[in-house]
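*Asks:* Quick note, the sequence shown lines up with residues 1 to 192 if you use the numbering used here.
If you are wondering where the hints come from, they were derived from the structure by calculation, not from laboratory data.
Please note: incorrect hints may appear among the correct ones.
Straight-line distance between alpha carbons at most 25 Å, and here's what the computed SDA-like set of lysine to any residue pairs gives [unchecked claim]:
#	residue 1	residue 2
1	K73	A20
2	K61	D19
3	K97	D125
4	K87	Y72
5	K83	D19
6	K87	E102
7	K97	S142
8	K109	S146
9	K61	G93
10	K61	K87
11	K73	G184
12	K61	E168
13	K61	A27
14	K109	D78
15	K97	P141
16	K97	I84
17	K73	R183
18	K97	Y145
19	K61	R137
20	K73	A23
21	K73	K83
22	K61	M169
23	K83	N123
24	K73	D92
25	K73	A27
26	K61	S106
27	K73	L17
28	K87	D103
29	K97	L149
30	K87	L131
31	K83	S142
32	K73	I91
33	K87	I128
34	K87	S126
35	K73	A21
36	K97	S139
37	K97	T130
Treat the numbers as computed from the prediction; the structure is a model and nothing was measured.
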Amino acid sequence: RRELESGVVGEVWAGELLDAAAAGMIAVTDPCSEYLWGSDMDGFEIMTTGRYGGVGSLIRKRGDYVIFAQPYKGSPSDVAGVKIGDKILAIDGVDMKGAATEDISSRLKGEPQTNVVVVVERNIDSRIDTLTLRRERISIPSVDYSGLLRDGIGYISHSDFIEGSYDEMRRAVEQLVATSQLRGLVLDYRSN
Numbered sequence: 001r002r003e004l005e006s007g008v009v010g011e012v013w014a015g016e017l018l019d020a021a022a023a024g025m026i027a028v029t030d031p032c033s034e035y036l037w038g039s040d041m042d043g044f045e046i047m048t049t050g051r052y053g054g055v056g057s058l059i060r061k062r063g064d065y066v067i068f069a070q071p072y073k074g075s076p077s078d079v080a081g082v083k084i085g086d087k088i089l090a091i092d093g094v095d096m097k098g099a100a101t102e103d104i105s106s107r108l109k110g111e112p113q114t115n116v117v118v119v120v121e122r123n124i125d126s127r128i129d130t131l132t133l134r135r136e137r138i139s140i141p142s143v144d145y146s147g148l149l150r151d152g153i154g155y156i157s158h159s160d161f162i163e164g165s166y167d168e169m170r171r172a173v174e175q176l177v178a179t180s181q182l183r184g185l186v187l188d189y190r191s192n
């Protein structure tokens, strides 16, 4: 590091240097591994555990705005009265017209037990409401739905393999067995 600091114009940041060295070593020694930068850890945690700090809703782009596409039952979004199709106009006083879905998502996520103020235009009557949502630890379910297709044929929609998937799948199967004479079971892993 001292050699670099004395021979390079500008500042040398030890953390960045170590991150770049680690990423380089992984890239040339193990093609099946990937170095995760600190900024990637939130996404990694969501991908592997299905948990994050946020308001608990899927969002989608519609025109110039992002809308709430599906508030999770019992989540801060649901408790605050967010409905499917409500348009996000502003977050914490910042206008969201033209904002990317990723930007909205990162603004809605944060440390549990912190507040985020969201101004929405209601889908049903175009009323403007200001909502204060208290972020919580959100767990995304891996079993989206379970029920009966027809007499004795169960159906389970499974969306992702994350921490806790086994337990969710087991509970869904046990519930179907307990409530009906199960003759068959459709396991849907591709939403088809």
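*Asks:* Determine for every hint whether it applies to the structure shown.
*Replies:* Verification of the supplied hints:
1. K73 with A20: Not satisfied, since the Cα-Cα distance of roughly 42 Å exceeds 25 Å.
2. K61 with D19: Violated, at about 34 Å.
3. K97 with D125: 19 Å, holds
4. K87 with Y72: 17 Å, holds
5. K83 with D19: 42 Å, violated
6. K87 with E102: 15 Å, holds
7. K97 with S142: 32 Å, violated
8. K109 with S146: Violated: K109 and S146 sit about 28 Å apart, past 25 Å.
9. K61 with G93: 20 Å, holds
10. K61 with K87: 9 Å, holds
11. K73 with G184: 29 Å, violated
12. K61 with E168: 30 Å, violated
13. K61 with A27: Answer violated: K61 to A27 is near 35 Å, above 25 Å.
14. K109 with D78: 15 Å, holds
15. K97 with P141: 30 Å, violated
16. K97 with I84: This hinted pair holds, its Cα atoms lying about 18 Å apart.
17. K73 with R183: Outside the cut-off at roughly 30 Å; violated.
18. K97 with Y145: 34 Å, violated
19. K61 with R137: Between K61 and R137 the Cα gap is close to 24 Å, so the pair holds against 25 Å.
20. K73 with A23: 40 Å, violated
21. K73 with K83: Cα-Cα ~11 Å, so holds.
22. K61 with M169: 31 Å, violated
23. K83 with N123: 8 Å, holds
24. K73 with D92: 24 Å, holds
25. K73 with A27: 42 Å, violated
26. K61 with S106: With Cα atoms ~14 Å apart, K61 and S106 stay inside 25 Å; holds.
27. K73 with L17: Since the Cα atoms of K73 and L17 sit roughly 44 Å apart, the hinted pair is violated (cutoff 25 Å).
28. K87 with D103: Distance of about 15 Å is within 25 Å: holds.
29. K97 with L149: 42 Å, violated
30. K87 with L131: Holds: K87 and L131 sit about 12 Å apart, inside 25 Å.
31. K83 with S142: Satisfied, since the Cα-Cα distance of roughly 22 Å is no more than 25 Å.
32. K73 with I91: 22 Å, holds
33. K87 with I128: 9 Å, holds
34. K87 with S126: 9 Å, holds
35. K73 with A21: 44 Å, violated
36. K97 with S139: 28 Å, violated
37. K97 with T130: Measuring from Cα to Cα gives roughly 16 Å; hence the hint holds.
Checked against the numbered hints given earlier, the structure breaks hints 1, 2, 5, 7, 8, 11, 12, 13, 15, 17, 18, 20, 22, 25, 27, 29, 35 and 36 and satisfies all the rest.
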